[in-house]
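**Student:** Read off the chains here:
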Amino acid sequence: MSETKVRFDVLRYSPEQDVKPHMQQYEVPVKRGMTILDGLYWIKENLDQTLTWRSSCRMGVCGSCGMFINGYPRLACNNQILHIDKNRIEIKPLPNFNIIRDLVPDLDDFFIKHQNVKPHLIRKELEELDQPTGEYFQSPEELVRYIQFAYCIKCGLCFSACPTSATDEHFLGPQALSQALRYNADSRDEGADERSETIYARHGVVRCHFAGACSEVCPKGVDPAFAIQLLKGDMLMKKTRVRVSSGPSRLIPKTDEHVPNPDVPKAPEPTV
Amino acid sequence: MQESKLWLLHILCGVVVLVLLALHMGLMHLDGLLVALGVGTPDPTDAASVFVRSRQISFMIIYIALLGAALYHGFYGLRNVLLELSPKTALAKIINICCLLAGLALLVYGTYTAVWLVLT
Amino acid sequence: MKDQRGYYRNKLGVSGWIRGGRYGLERAAYTLHRITGLGLLFYFIVHILVTGSRLGGPEAWEAAMVRFETPLFRFGEFLVFVAFAFHALNGLRLAITELGYMLGKPQRPIFPYVNSVRRQRPFFIVLMIAAAVLIVLGGADFYIIGH
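If you're matching them up, the sequences are chains A, B and C in order. What the first sequence shows, in the numbering used here, is residues 186 to 457, in sequence order. What the second sequence shows, in the numbering used here, is residues 4 to 123, in sequence order. What the third sequence shows, in the numbering used here, is residues 105 to 251, in sequence order.
A portion of the hints provided could be inaccurate.
With the Cβ distance kept under 7 angstroms, some of the chain C side facing chain B (calculated, not the full set) [claimed, not checked]:
no., residue
1, Asp-107
2, Gly-141
3, Gly-143
4, Phe-148
5, Ile-152
6, Gly-156
7, Leu-159
8, Pro-162
9, Trp-165
10, Leu-183
11, Phe-185
12, Ala-192
13, Ala-199
14, Asp-245
Simulated from the structure, these hints should not be mistaken for laboratory data. We put the beta carbon where it would ideally sit given N, CA and C, even for glycine.
Work the whole structure out from these sequences, hints included.
**Tutor:** If you want it as structure tokens, here you go:
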């Protein structure tokens, strides 16, 4: 398999030694199919052991390896080097996050904003949440209303792409707001009123101006821009744009009267 | 006022400005085309034309409506742009108050201009 | 600039409004919408004060108008018209889509993903063509037919 040499320009920053970040160049032999993450591992193993970044699953599901690659926020594991550029790859940490070291962004504020929208199911019967006695009913139609927003892997690419997040420290960001919609639109949830104070505040949904870059860069198809516009519509019209108005899902209590379908074979005995 | 109501008013004023300002622009800047089509008055910024229009009550009402809607829409937008630069809380309050006062001042001046010519 | 933990501050600032990366049409439209909005507001404030000159009677009005008949100001007026054409039609798109309309429905994300921004793009393109037509008509009136 033929190899090409690709120049990697990587941002380096060491908080102990550096006053500000600088770029460092590496020459990486690239085979077809190698991802940016493969390139970074090659540098660390062969050229520079001090290069630092976050990565985990290397298959685009954990959201750890978000970086600003050739002027666009991407997941390093999800993009092949030769698909981006055959000569030069420029890697910087995600913008709009503070840099801890090299390519590692500080995600603390990002996660705090996520926590502030209460991203969990809220129901009035607290005992049921602690000691569940049954399932909540949800039809496939009710599922489709929020499922695409549940695919968020919290990678932070949308927050980097958002123009409001570039200047506004208090803006919740597309990720937190899309997760607020994911729970508001979930028919099992009753917490829309609890979340409304946070998401409809001065630096909530009204700070979004539909630049759409967040949806463009999302690697999982979550479409946070759509979520935020749905939240805005819900803010003013309280109609069923976000979810069905027939109230939260009912509980299906567990019952011992269940008769199994005679055509379905019995499950094998547990071995453990 | 609640942020959501301020934002809804911004959109409604935007729609009002869209319609009225389109008419205003059409009257003022597309007058050559309108005259060629047989509608409209030539040379709308000529003093005679201006003063004839200014004395009509219908124009006065439309101008005041356009003034109010456009001032709200514009100053709300400016206030948003300034607030998104993350000022400290005290400065944010000052921005809110200044935008409100500037808008009101211009509204008063503009309304006086529109009404004075009809009354005198 | 470092913060108290030694982390390097990496917010893009106002350059993030203008161009934070190679994003699509709608983000460029956001930037242009801001610029035209601020430009129109500035013109509007001056316009209110200048047209207030009619309080001095027809002579005061004519005196004010004569000051602005230079080619530079005329071009500035044309730019205001262009800014209005873009800002109004893009604003119409924003008013409709920011209330949640014309964006399609939530659906399961199946690769290659199509998002709501793509779904409203035909509407955006149509409005931009309409804006271009208005600008051409305005240019014709200002510079060809015009006074």
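**Student:** State for each hint whether it applies.
**Tutor:** Verification of the supplied hints:
1. Asp-107: Violated, about 14 angstroms.
2. Gly-141: With a closest approach of 5 angstroms, the Gly-141 (chain C) hint holds.
3. Gly-143: 11 angstroms, violated
4. Phe-148: Because about 6 angstroms separates Phe-148 (chain C) from the closest Cβ in chain B, which is inside the 7 angstroms limit, the hint holds.
5. Ile-152: Holds: closest Cβ of chain B sits about 5 angstroms from Ile-152 (chain C), inside 7 angstroms.
6. Gly-156: 5 angstroms, holds
7. Leu-159: Holds, about 6 angstroms.
8. Pro-162: 4 angstroms, holds
9. Trp-165: 5 angstroms, holds
10. Leu-183: For Leu-183 (chain C), the interface hint is violated, since the closest Cβ of chain B sits about 12 angstroms away, which is over 7 angstroms.
11. Phe-185: OK, holds: Phe-185 (chain C) within 7 angstroms of chain B, min 6 angstroms.
12. Ala-192: Holds - the Cβ of Ala-192 (chain C) comes within 7 angstroms of chain B, reaching about 5 angstroms at its closest.
13. Ala-199: 5 angstroms, holds
14. Asp-245: 4 angstroms, holds
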